[in-house]
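**Q** So the sequence shown is numbered by this note's numbering: it starts at -6 and just counts up by one.
Worth flagging that the hints you see were computed from the coordinates, not collected in a lab. Among these hints, one or two may not hold up.
BS3-like mimics (lysine-lysine), calculated; alpha carbons at most 25 Å apart, straight line [as the list claims (entries may be wrong)]: (1) K134 - K229; (2) K135 - K247; (3) K165 - K229.
Cβ-Cβ distance ranges computed for the label pairs, FRET-style [said to hold, decoys possible]: (4) A89 - K119: 29 to 39 Å; (5) Q195 - G62: 13 to 23 Å; (6) N225 - K185: 18 to 28 Å.
Glycine included, C-beta positions come from ideal geometry on N, C-alpha and C.
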Amino acid sequence: MHTNQPTFARHRALQRAALVPIVVATALLVAGCGKDGKEGAKATQTAARINGEEVTVHQINMVLERQQGLKPEQAEPASRQILESLIDQELALQKATEQKLDRDPQIIQMLDATRRNLLARAYLEKAAQASVGAPPAEDIKKYFDEHPALFSQRRIYMLQDFTIQGDAEQIKAITPKLQVTDSSQAFVDVLKGSGLKFAVNQVTQPAEALPLNLVDQFAKLVDGKGMYQGMNGGLKVVLVAASKPQPISLDQAKPMIERFLTESRKQEFIQKETKNLRTAAKIEYMGKFAEKAAGAASGAASGAAAASAPAPTAAASTASSANGIDAAALNKGLSGLK
């Protein structure tokens, strides 16, 4: 799902992705074992030559590391696809150099902006890595106990996302009839009987694949019940068509929780470090930017903090009944159901 909050599913994907470059490097090393000495070692580092310019295994691995959800057995075919893309990139780069686009003032500015962004991120990430250690066992246990919907009471959900068209009066009339249904079939029967147009998408997902700000709300729903949100020109309903329990023990959850808490605390550290850097620096706003500069800086800082707030806080702050929820939370959650 598209959400600013990390999910445990993503952490598992990152764990798989970490194995991929090793698989590719090993395969290429084996392929180069037939050569002797330095020549063989060098050959394993070069994947292709394009008009004399090399594309290396390191370049391929760097792209592979960013491929979330890639399984180790997919590494070899993926590496070949990436190589072809890098070849295309190199060909275009050579033409750009021939045309001296690297000297274009606008391109130079863009390259400098990219460099500044990468260096700033590298500093913050390195500082966070050095300052944030592994969470203690009691913190892991506490998170496990506070989020039963993700662990001890975890469920696999079959969700149906209904988009129902109708004017305000039609939606007002049909909503109570839909809310008293207790199964997907009964829900659809009411819709068909109303004559209103509707569309439905279905997906099966475990609790950890849902946005964390919606997990507890889905956990409160029994099969056949849903979450409702009015929208312009109709109604949006996410129905739990079916579900089945599939709990995770503390021992199974420990690695996921540890990674999650570590990442959350790194984000907290980055926010604090950015604020400390601002406090220690002499910042002068010039020209039109001098007007209301303090207020703008304060707003930017609070906005950034809210955007990177750890998911447990966001999940805990969202509460609603089974038949009505925060519209922003539902919109964010629904974006990944189709």
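**Q** Is K135 close enough to K247, meaning Cα to Cα at most 25 Å?
**A** holds, 11 Å
**Q** For A89 and K119, compare the CB-CB distance with the range 29 to 39 Å and indicate the outcome.
**A** Taking Cβ atoms as reference, A89 and K119 lie about 32 Å apart, which means the hint holds.
**Q** Does 13 to 23 Å hold as the CB distance between Q195 and G62, or does it fail?
**A** holds, 21 Å
**Q** Between N225 and K185, does the beta-carbon spacing fit 18 to 28 Å?
**A** Taking Cβ atoms as reference, N225 and K185 lie about 23 Å apart, which means the hint holds.
**Q** Below or equal to 25 Å on CA atoms is what counts here, so check K165 against K229.
**A** holds, 13 Å
**Q** Below or equal to 25 Å on CA atoms is what counts here, so check K134 against K229.
**A** violated, 37 Å
Checked against the numbered hints given earlier, the structure breaks only hint 1 and satisfies all the rest.
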